[in-house]
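Colleague: Starting from the known structure of chain G, fit chain A onto it as the hints suggest.
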Amino acid sequence: MSEPKVSQVSRRTLLRTARAGFGGLALSALLAEASAAETSAANSPLLPKQPHFKPRAKRVIFLFMEGAMSGLDTFEYKAELQNSGGKSGPGGGVLTPSHFRFQQFGQTGGWFSELLPDIATHADELCWLRGLYTDTPAHPQAVVQLHTGSANAALTRPSMGAWLLYGLGSENQDLPGYVTINPSPNFGGAVNYGSAFLPAHYQGTRINDVGFLPNLKAATPPPLERQQLDLIQAMNRDLAAQSGAPDPIDGIIQSYELAFRMQDNVPALLDLSREPQNVLDAYGIAPGPDGAFARQCLMARRLSEAGVRFVEVCQPGWDHHTNLHRGLIDRCRNIDQPVSALLTDLRRRGLLDETLVLFGSEFGRLPMAQGPDGRDHNITGYSMFLAGAGVRHGFNYGSTDELGVRAVEGRMHTTDLHATLLALLGLNHKELTYRYAGRAFRLTDVRGEVHQQVFS
Amino acid sequence: MIELRDNGPLAAAIREAANRSQVRSIYLPLLRGITPDALAAFDPVTQTLVTGQRETTTVPVQALFLLNSAFVGKQSLALAEMLLAESKVSNVERIRKAHVRVLGRAPAPPEIARARAFLGNYAKSFEPQPKSATVHQTESLAVPDPDADDMDRTEYAPTEPSVQPDDPRTAAWMALVQALFASAEFRFVR
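Note that the protein sequences, when read in sequence, are chains G and A.
Each residue of the first sequence is one higher than the last, beginning at 1 in the numbering used here.
Each residue of the second sequence is one higher than the last, beginning at 1001 in the numbering used here.
Just so you know, these hints were derived from the structure itself, not from any lab.
Glycine included, each C-beta is placed from N, C-alpha and C at the ideal position.
Take these hints with a grain of salt, some might be off.
Claimed, not checked - Covered stretches of chain A (chain G as the covering partner; in silico rule of three or more C-beta atoms under 8 Å from a C-beta of chain G): (1) 1067 to 1077; (2) 1182 to 1189.
Unchecked claim - Derived Cβ-Cβ restraints for the label pairs, each shown as a range: (3) A/1023 x G/435: 32 to 38 Å; (4) A/1113 x G/243: 20 to 26 Å; (5) A/1027 x G/261: 34 to 40 Å; (6) A/1027 x G/247: 46 to 52 Å; (7) G/50 x A/1128: 48 to 54 Å.
Only chain G is shown next, with the shape it has when bound in the complex (with noise of 0.2 Å):
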């Protein structure tokens, strides 16, 4: 086998010399031109891309409800399960109705306990996917199913948010493309918003709920980082100018520059004071854990604003296998005000033309009882919320049996939903693949449908 000949000039020298061998000035800018372009589009992996079609929607907010919120006392009205309470339910389990009062709201109708009033106030906006079913009912394998499209823990996949940046890129060089905040540090953890086989810059960038990224604050005051850096990038100038300097060089000084801006521009987006203190209020925004959601709920919204493609908030404490009710009612109250302000300040602003909502949890929980005050999981019918860009307002989709324990109609697994977000922010998921160990993966793996039923 015959190696390939290694030049000893680099593509950098060539350029050069090339250069001053042609004369013409004109032409000699156009090959700056076209080598500083080639430098940085190498470099700059997250430069938007073209979509493979037209998008619908140009960013993602998802809030994340982890641990399997109740829908059947909270957002799922079932007439038969209110009328079938102590009959013995499929499978065993006595039937339990909700203790929650639920009510009609909107002109489309929409059913909602009393434990959701301001998020009922958007019951026009919503588009319910009720008919969703996962694989697996263990919280590890199905959040880590919800985020990758496998519960198959031997390989890795990429998250939902590291695919998006993959294919489309970031609206915002100044900012990490992808942001999770407050993620799970169980249930998969890192893999939750990890690249796996995709290059690392495509992974999310993790903030907690007090908006802190490492390394962020600077090391010296910036007049002393000044100097530091002009010494640095002195130094790096140098070396590019060396023959032979490896490619990457430009990429490094433009990265310091940024990384200088980012000093002052990440805390000062994070920097929740900075908002009029009705969005404050609106959002319900408190110090402490119980204000925690409706942070990072006002955060999503800011770095959304900035560009930021996918972004993930995290309300743990779902699994209510005990202290249904109690539970309940201190996560709803976490959620509801924060939810619905977000929903109202993403429409005042036109954001919510250009940015998909997506709600919910890695599956739902049975209409049976558990126990004296708990229900257990349910991975074969339950529902997720989209709103705002591409979607059908005041719309349900599918639909589970009418005690809510197996979807029915319009059913849609995990990769179904997976197909479908990727759609309607222009991107075939049998196209956005990437080769790893001998074959191309996608986020959708071999299946995966996308349900256009949901396009506005």
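Modeller: Quick look at chain A alone, frame taken from chain G:
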């Protein structure tokens, strides 16, 4: 299934051990979901996968790590103090030693002149920071009850004692050493 939480006390101990470690990065502990801080910014391969070729990106988080992380700060201060500990050595000789130590080559005369000018200017502008105001933020790693479902995941940005030189001279040398660590030349094996 036992899953190691990536923010529990055990995870914290592993990360701290990795940060203290002086072995080459290939020997650092790499548990599923826990990547040592020093590797996290530099295109680590996913530990659960086989990867034929590593990515080599130049994204800003790498610059932020080299400019602001406690790890690079500590290493820079240690080398600066080592250079200054030898009392009978000229500054030019110290600059030469720093280059050899970090970049594996002697500095050219213009580089020596530039470094000397930098040391002078930096020391002149330096003012000691009040200790409390200059701390490195690190991620919170402690969550009290690893089994609780409704656990509070609020992580207030905690702090790590800052790496702060006290006098202008040490500060200037630390900044110079750190600049060498942060240079593109240091990042490429040639």
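Colleague: Taking the CB of residue 1023 of chain A and the CB of residue 435 of chain G, does the distance hold inside 32 to 38 Å?
Modeller: holds (34 Å)
Colleague: Within 46 to 52 Å or not, the Cβ separation of residue 1027 of chain A and residue 247 of chain G?
Modeller: The hinted range 46 to 52 Å is violated for residue 1027 of chain A and residue 247 of chain G, with Cβ atoms some 30 Å apart.
Colleague: Lying within 34 to 40 Å: is that true of the beta-carbon distance residue 1027 of chain A to residue 261 of chain G?
Modeller: With Cβ atoms ~36 Å apart, the hint holds.
Colleague: Looking only at beta-carbon atoms, does the pair residue 1113 of chain A, residue 243 of chain G fall within the given range of 20 to 26 Å?
Modeller: holds (23 Å)
Colleague: How does the Cβ-Cβ distance of residue 50 of chain G and residue 1128 of chain A compare with 48 to 54 Å: does it lie in that range?
Modeller: holds (53 Å)
Colleague: For the stretch 1182 to 1189 of chain A, do three or more residues have a beta carbon lying closer than 8 Å to a beta carbon of chain G?
Modeller: Coverage by chain G holds here, the residue count being 6 at a Cβ distance below 8 Å.
Colleague: Are there three or more residues in the stretch 1067 to 1077 of chain A whose C-beta lies within less than 8 Å of some C-beta in chain G?
Modeller: As far as the stretch 1067 to 1077 of chain A goes, the hint holds, because 4 residues have Cβ atoms under 8 Å from chain G.
This entry does not satisfy hint 6, going by the numbered hints stated previously; all others are met.
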